[in-house]
Structures are given as structure tokens and as C-alpha cells.
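Start from chain A and add chain B according to the hints.
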Amino acid sequence: MIVNISINGQVHSHDVEPRLLLVHFIREFAELHGTHWGCDTSNCGICIVLMDDPGSDQPPYPVKSCTMLAAMAEGYEITTVEGMAAPDGTLDPIQMGFHEMHALQCGFCTPGMMSTGRWLIEKHPNPTQMTDHEIRDGISGNLCRCTGYDNIVKAIRWAAAYIEEHPESARTART
Amino acid sequence: MATTETSPGRHPEWYAHATGDKFGKIADAPVGFGHMKRKEDARFIRGLGDYMDDVRLPGMVHGAILRSPYAHARIKSIDTTACVAHPKVAAVVIAKDLEALGLAWMPTISYDTQAVLAGDKVRFHLQEVAFVIALDAYSAQDALQLIEVEYEVLPAIVNCRKALDPDAPLIRDDKVGQVDNLASPTWEAGDKAVCDRVFAEADVVAKQTILDPRSHPCPMETCGMVADMNPNTGQLNIYNGNQAPHAHRTVYAQVAGLPEQNIRILCNDIGGGFGNKVPVYPGYVCAIAGSIVAGAPVKWIEDRSENLASTGFARDYLMYSEMCSKNGKITGLRVDALADHGAFDSTAQATKFPAGFFHIVTGSYDLEGAHCQVKAVYTNKAPGGVAYRCSFRITEAVYLVERMVDQLAMEMKVDPIELRMRSFIRADQFPYETVTGWVYDSGDYHKAMKLAMEIAGYDELRAEQQEKLAKGEMMGIGVAFFTEGVGAGPRRHMDILGLAMNDGAELRVHPSGKAVVSISAQTQGQGHETTFAQIVAEELGISPNEIMVRHGDTDKTPYGLGTYGSRSTPVSGGAVAVVARKVRDKARQFAALMLETRAEDLAWEKGRWFMRGDPERGATIESIAEFAYSATNLPEGLEGGLDANAVYDPPNLTYPFGAYIAVVDVDPGTGHVHTRRFIAVDDCGVRINPMVVEGQIHGGLVEGIGQALMEVISFDDQGNALNASFMDYLLPTALECPEHGFELGETVTPCPHHPIGAKGVGESPCVGSPPAIANAVVDALYHAKGIKHMDMPCFPARVWAAMNGNAQPPQ
Numbered sequence: 000m001i002v003n004i005s006i007n008g009q010v011h012s013h014d015v016e017p018r019l020l021l022v023h024f025i026r027e028f029a030e031l032h033g034t035h036w037g038c039d040t041s042n043c044g045i046c047i048v049l050m051d052d053p054g055s056d057q058p059p060y061p062v063k064s065c066t067m068l069a070a071m072a073e074g075y076e077i078t079t080v081e082g083m084a085a086p087d088g089t090l091d092p093i094q095m096g097f098h099e100m101h102a103l104q105c106g107f108c109t110p111g112m113m114s115t116g117r118w119l120i121e122k123h124p125n126p127t128q129m130t131d132h133e134i135r136d137g138i139s140g141n142l143c144r145c146t147g148y149d150n151i152v153k154a155i156r157w158a159a160a161y162i163e164e165h166p167e168s169a170r171t172a173r174t
Numbered sequence: 000m001a002t003t004e005t006s007p008g009r010h011p012e013w014y015a016h017a018t019g020d021k022f023g024k025i026a027d028a029p030v031g032f033g034h035m036k037r038k039e040d041a042r043f044i045r046g047l048g049d050y051m052d053d054v055r056l057p058g059m060v061h062g063a064i065l066r067s068p069y070a071h072a073r074i075k076s077i078d079t080t081a082c083v084a085h086p087k088v089a090a091v092v093i094a095k096d097l098e099a100l101g102l103a104w105m106p107t108i109s110y111d112t113q114a115v116l117a118g119d120k121v122r123f124h125l126q127e128v129a130f131v132i133a134l135d136a137y138s139a140q141d142a143l144q145l146i147e148v149e150y151e152v153l154p155a156i157v158n159c160r161k162a163l164d165p166d167a168p169l170i171r172d173d174k175v176g177q178v179d180n181l182a183s184p185t186w187e188a189g190d191k192a193v194c195d196r197v198f199a200e201a202d203v204v205a206k207q208t209i210l211d212p213r214s215h216p217c218p219m220e221t222c223g224m225v226a227d228m229n230p231n232t233g234q235l236n237i238y239n240g241n242q243a244p245h246a247h248r249t250v251y252a253q254v255a256g257l258p259e260q261n262i263r264i265l266c267n268d269i270g271g272g273f274g275n276k277v278p279v280y281p282g283y284v285c286a287i288a289g290s291i292v293a294g295a296p297v298k299w300i301e302d303r304s305e306n307l308a309s310t311g312f313a314r315d316y317l318m319y320s321e322m323c324s325k326n327g328k329i330t331g332l333r334v335d336a337l338a339d340h341g342a343f344d345s346t347a348q349a350t351k352f353p354a355g356f357f358h359i360v361t362g363s364y365d366l367e368g369a370h371c372q373v374k375a376v377y378t379n380k381a382p383g384g385v386a387y388r389c390s391f392r393i394t395e396a397v398y399l400v401e402r403m404v405d406q407l408a409m410e411m412k413v414d415p416i417e418l419r420m421r422s423f424i425r426a427d428q429f430p431y432e433t434v435t436g437w438v439y440d441s442g443d444y445h446k447a448m449k450l451a452m453e454i455a456g457y458d459e460l461r462a463e464q465q466e467k468l469a470k471g472e473m474m475g476i477g478v479a480f481f482t483e484g485v486g487a488g489p490r491r492h493m494d495i496l497g498l499a500m501n502d503g504a505e506l507r508v509h510p511s512g513k514a515v516v517s518i519s520a521q522t523q524g525q526g527h528e529t530t531f532a533q534i535v536a537e538e539l540g541i542s543p544n545e546i547m548v549r550h551g552d553t554d555k556t557p558y559g560l561g562t563y564g565s566r567s568t569p570v571s572g573g574a575v576a577v578v579a580r581k582v583r584d585k586a587r588q589f590a591a592l593m594l595e596t597r598a599e600d601l602a603w604e605k606g607r608w609f610m611r612g613d614p615e616r617g618a619t620i621e622s623i624a625e626f627a628y629s630a631t632n633l634p635e636g637l638e639g640g641l642d643a644n645a646v647y648d649p650p651n652l653t654y655p656f657g658a659y660i661a662v663v664d665v666d667p668g669t670g671h672v673h674t675r676r677f678i679a680v681d682d683c684g685v686r687i688n689p690m691v692v693e694g695q696i697h698g699g700l701v702e703g704i705g706q707a708l709m710e711v712i713s714f715d716d717q718g719n720a721l722n723a724s725f726m727d728y729l730l731p732t733a734l735e736c737p738e739h740g741f742e743l744g745e746t747v748t749p750c751p752h753h754p755i756g757a758k759g760v761g762e763s764p765c766v767g768s769p770p771a772i773a774n775a776v777v778d779a780l781y782h783a784k785g786i787k788h789m790d791m792p793c794f795p796a797r798v799w800a801a802m803n804g805n806a807q808p809p810q
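Respectively, the protein sequence lines represent chains A and B. Per numbering that gives the first Met the number 0, residue 0 is the first one in the first sequence, and the count goes up by one each step. Per numbering that gives the first Met the number 0, residue 0 is the first one in the second sequence, and the count goes up by one each step.
With the rest of the complex left out, here is chain A (with noise of 0.2 Å):
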């Protein structure tokens, strides 16, 4: 069947088998290897990306995409961390925080963990002021074996205060 899938801007459509997993159409047709894959079973959150429902007014949210068909996301908007930084090579402030944080060792973890952390600072009222248990209940469906997640925390929480310092800074899939 043919699938057409929005990834960061541009459309991918491929001849793909019916059962072809989002996460396979990410990696082996649109070619974007940035998004990995990490257990069979939904909990490891290593292939998490952001969808946008362009019929809703809710920003981009994670789904593992491990989980989900190729065809199911047909019509929506994908962001993988390839479409994170701007067109000019400019990053987003998440992967911004995750470097000055070090809120990262090996990195297979870190996309989906970056991606989980835009959508907890996008989707929450007054980011800057996230408690400790609000951004580790955020970050629970995310598996990381090397950072013990404190500083995965601390990334957060200064690429909230860097948006609310720069403004301009905050994108989302839909800008």
C-alpha cells in the first residue's frame, strides 16, 4: 500500500507492507536513522517522535513509534530530532539544555528523551516553574541507562528558562 507520511516538512510516501511499523517507515524508507529503536513492547521510549494532528490546537505530542503503524500516521506531521534545529543549523533550546546539562552519555536514548522534554515544556502553562516530580512523571515513559536522569532534569529545566529568556526561540513542528 501507499503511505504518505509528513516527516519534518516533507512528505515521504512509499509502497510499504500494510504491518511496516512507523518506526521501520522512519528509519529504512525516509532514511532518517536520528530516531532509534530500543525494545519490542513499548516501554523503553527510545523511539518516541513528535506527532502534530493539524485538526487539533494542541502542540506536537510523543508517541512511540514503535507502537504505531506507518499507515496510522498518515495525515499528521512527524518531527524527528532531524527536523529539532532550525533550517540554519540552529538548535532547539532541549538539545541546547542536553549539552550544557550533560544530560547525556551514549546518546541512543537521547532523541526521544529531547523530543518528551519539548513536548513537556510546550504543552505546560508556566514551564520555568515545572516541579522535580512533574518533569520525572513526564519523562517515566522514557528509559535511560546511562545519566541516572538528573541532569536529563536539569536539561529541562534550562531549556524552559532559556525560551521564557528568548522567546524566539520556542518552535514547534507547526512554525
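The set of hints was computed from the structure by calculation and includes no laboratory data. Among the hints, erroneous ones may be present.
[Said to hold, decoys possible] Below, in silico cross-link-like pairs of lysine to aspartate or glutamate (EDC-like), each with a Cα-Cα straight-line distance of 20 Å or less: (1) Lys87(B) with Glu16(A); (2) Lys75(B) with Asp173(B); (3) Lys87(B) with Glu164(A); (4) Lys374(B) with Asp179(B); (5) Lys153(A) with Glu738(B); (6) Lys784(B) with Glu472(B); (7) Lys581(B) with Glu638(B); (8) Lys412(B) with Glu321(B); (9) Lys87(B) with Glu27(A); (10) Lys153(A) with Glu735(B); (11) Lys153(A) with Glu742(B); (12) Lys75(B) with Asp119(B).
Chain B alone, transformed into the frame defined by chain A:
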């Protein structure tokens, strides 16, 4: 067949120069040790890392493994007819095909043998039986279902004690002369007679059987390989994320009988290792054999269940132990341990230490006598084990001794910290030789323990515990003090498969004064590209942003044994410091020519040689580098160019240590344990990059929380692995950690024999935290219910059972 060396996005030169500029933070980098943000982040935060599954080669096909549904069964027949007929299947490989290639069995890193694909019988649940190669990964999985295997089921042994029963079924009937399930002869350390005397004279003795349960390192990226045998040239390129690429190359040369110079291993980015990526696995050999058979590159990436159920597990030590005291001080320790190695002994350790470094079990205490013996057995469980973020069985040893100190403190009715303080090796006793033969290089244990107590507010915590107890609430305070021996090791007695445990380094300073340092260690997230550049920077005064660290390509890096056992900084880091000093010495010869003086008249300050007594006259390392490549009249004996090689043979291990205090709350209704606070004081000697060190500590602490509270691989009576997915093998999330973060402290006792005084830190937190948390849980149970021990993992059902007087090992 065309092959490519690199896939898009992985060009080391790219990230070396891309680092920092987007952030405008180059000036932040210290020229040497200190806080510095990581160079490797630049590619990872952009999604440009290059992991195993990102490798794509022209004509590449995909492998998948059929696995045994039984833990112990004879294979009566394998019918691959329908599978071979699948339109997208390129080849099917079973044991008899491998026999023809001489690849049916492979040596393990413990001088045992392991079936690559089961031929005679299967010996553990989910063992490898057939390897299917298909045009795409989905078809490979489909085709597995078309293989018919007829089994005759045999009784399975999953309990290491029952494995030694006289009527236990023989698991390794493939081994000539093997009549029982013993995997190796009993191994001993310490003087038994002295130990017996110490116990005879003791005032108080504590006794306990302790299980350090089977767990799994479980890196977020599973294992896998792309094997690319070029039939025209005989060149075998192996893309494989492993922790010891040079040692793997030598093993493949031995296993496959291929010329070692024709094998090139490329480790690109690795999504975590933690010991899991040390061994050679059957899937790797299958991929290589598959590439030979199919004449095309073969990719094999295991799924999560395969990773959890078949690759290197950790621990599985059942330990009977006694500890005694005299005059209020710990005096002796006796341990009799059974090590469950599973169906094939592929434990990872230095060859002459069959139980690894387990005999460091006397810990941080000045004992009069100790004796330990370890017996290893085969069972119908997955083979291993590996050191899950520890230096060869030190986690088991530290868990045992720290649990026993708490038990003894209960018997003696003294505070567990008080007993430790009385029994510690004193700072003035270093270097200190333990009764089991280790020579600890340096330490100040009392200082670290006091600092941890101060950060924790230990006395206030004990008072709070009493108040809570009065209200029916359960709170536990757990203490652990560890000494680790890392950085294996001295070649006089440490090798793996005969390969000395040393590391090489090569340093080239280019004419422009920029440098490339090539190392044999292999990062899996530890940050080598930053910290190893900082070592060169410290020694030569070149900015770390102008030093590229090359690793992960056996054709382009010097030989060495890789990254595990916290050995990168202690061994490879030593090699890098030594090679930088060689370059500095060579630079001195050039500087003398440039300044028209004698080399011995020159003095060094970071980045330049200058005239003693006339500091204005000097030559910077940049100007010396340019001179080294351009000078036309060099004296006899001085070669042009500014580069050097080194192989570092550490004179001893390094001995990092630390004092940990955990505070937990236990729900009396459900048995749920919440880690409220965790205080970690680490002494890893000189810290190259404190930010990276703290990141390592955070990560290890959480893995320790996981082992203490959540992680276990258990089996049913038939030998089925019950924790073969993340639904059943639970890793800690951000919510299982202290809500407001870890509380870290540091003391610095430089290693006296290491070139830069560093000791290695990656594994310390994972060694110290399991006993700290377990002791905290038992502390809560002891104060509320008088219970003196429960085995890990302390998850709610097990804690609840323990609270109700029914503590059982998790078998």
C-alpha cells in the same frame, strides 16, 4: 562487491571541527583538566550518531535467529525445506552447515566452548538453533516460522545447588571427561588455617546465606553486527558495537581461521555496554558465517528479548558467609560461594582469576583472617556471566561484605557506621596488603565516611527513623562503603585468552600544532573523545578542541584490551599520558635546536619549553610542531615529525573507594520501597572532567537502584526465562530515583602509581549502591519487624513477603 568504510553522518573529522562552534563556547574548554562540555554531543543531539543498526551497505541482507523453546532438549531433527523455499530467503544455516566451516562451536573468554548453533541438544531456553538470511528483516522473521525442529525434552536444572546432586542430568555431555555439572575446580583465596583461628577466638559471629541474583546489564541498544566478507579480496569488515574491538579481532581470527590482518572491526557509536558488549556471541559468528555463505554483507540485530534472554547476564552468586568480631572490631570473614555460569562458561575476567576479583571480598576492613572459595556450576540457563558495570565480580564481593557488616552490627548491637569506623584500614596503613593478597594503593576511608555522614545528617536521620517507627511508619537508612580494584591490569599476572591486559596509544601532533590521539579503549558513552583530549591537553598545552580522539577502528588504532572494568582511564588513560610525555620529550629536542641551546637547559610549562633563567626565550608547542616537520638540518638520531607510540602496563590496579548512604521509605501496607535520598561520596583520585565523573556516578547509582529494587532474571522449574522483555525485566525510570536528585561529595586521594593520579570511576557507583539500598531496606525491616536479611531485588511483593516472615530468594 562494493564496500564502504563509513555510512553517512559518521566522519570523525566532521565532528572534531563541528564541535562547539554552533554553541559559541569554545573558550570554555580548559587546556587540561576541568569542567568541559562534551565534544561528542554535537552529533548525538542532532540525531547524527552512527549506531549498529544505522550501518547500510550495498547488497546487504538480514539475519534472524530461531531459538529453542526448551531449556534442555535433544534435537531429533531440523527441517528447513519450507524456509528455504520462502521467496525472500537467501540462505539458512544450521549446526551441520557450521560444522563444515569449522564454526559449530566457539571458544568462550573463559577457555570453555559454546555452541554457535545447537546441533546435539539445546541447553538453555532461547538458545540459538538456526540462522536465516533474507532480503529484508521482516521476511527473515517470517521465514523463522517455517523451520520445523523436533525436540525430545529433557529435565532442566535451573538451581545451582541441585546442579550438583549426584542424579542431576548432565548438561555438558559434549565435553570429553565431563561427568558432573561442575564448570571449574574449586578456587580459593586466603589462609584457611589463619581464618579458622580468628573465628575460634572471636566474640561474635554473624552467619547468612546471600544470593546476588541474576541480573542483566541491558544497554538501551541491543547487540548486533554487520559482517561483510569480500569474496574477491578475502577482507572481512565487521561493524559491531563491542567493548573490546582488538581482542574481538584476535578471537575471530582464531575462531574462523581467517588471517588477522584481513579482519577489520569498526565500532561506531555504541548505545551503552555496561559489560554486555564484552563477549563474542553466537549471533556474531552466524553473521560472519552468513556473509561467507551468502556472499553479501549480513546484518543481524537482536531484539530485546534475545538480548535479555541469551546474552551476557551478571551475578548469580549464591554465597554462604560468616563474619566475626573481637573486642568490638571486625576480625574475620569466611565465604563459600556457588557461581551459576549457565550452560556455557563465558564469564569475563582475567584468565588467572577464575572467580574474577571476588576475593577482594574483605572490602575496606583491616581483617586478621579471611578465606573464600568459589565453585562454578553449569545449569540450563543462558551463558555468562559478565561484569554488569563492575570490575570482574567486585559487585558481588562488595555486596556480600557490606551486607555482612550490617548483619554483624545487628548481632553486636552497634551502629553499622560505628562498626565500619572501628574496622576500616587507616590512612597511615597504605599501601595495604589484604589477607587475600590485594595491595591497595591509597585511601582515607574515615574521611570519606565522615563526609557522607555530614552530608546525610546521619544522627538526625536516625532520630527521624525512631519518630517514624513510633507512628508505625517504616524508614530505612542504609550504609555501604566500598573499595574497588579497577584498571586490569599488570601483564605479569593479568591476561584474557593469553592477551596481556595493556593498552596502546599513538599521538601525532600535526605541523599546525593540532593533534590526533589514537586509543585502544572503546567508548560506549563514557565521553572519551572529550576526556582523552583533556589528558593530552594537560600534558602538552594544546586545546582539547584541537585534539581529535580516534577510536573504534582496529585498522587505525593501536592494540589494547578495551573498555570494561573501569579500565579506560587507569590503563588507556595512562597510555595517553605516557605517549604525550614522550612527545613532550621529543619536542624538547626540537626546542633546543630552535633556541640554540642544550635540551637540559630547557624547562617546561604547559604549552612551551623555555630557557631556565630566561623565561622570555621559549618555543610554543605549535612552533615546535611546525619546526619538527620543516627543519632541514636535523642532528644524527633525531627524526623529523612530532609523534610517538606507547603501551601502558599498569604496575598495579587502582583502588577507588566511596561512602554511600541511602534513605528509603517502605510502605507498610504494600511493601513498596521509595528511595528518598542517596548520598554518594566518591574518591576516584584526580578527576579529569568533574562533569563527566558526576554523570558516570549518577548513571551507576541508578543501575544500582535497579538491581536492589527491580532487576532480576528468574526461571520457572522447566527453565523458561521469565524476564525476557521490559514488561518483566524492570529498569528504573526517573520516578524510582530520589526526586530532588543525588547528593554527591568527593574526596581526592591521588593514585600514587598512575601517571595522572586517576583511579577510574565508571563502575564505583554501581558497586556501592546495591548494598546501600539493600541495607536500607533491611534496616527498615529490622527496626520495624526484627528481620535481618532479605535478598535483592526488593520489589513490593518480595518485601511484603519478607515483612510477613517469608523472605525467599528470587528463584
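Subject >> Which numbered hints fail >> reply: 3
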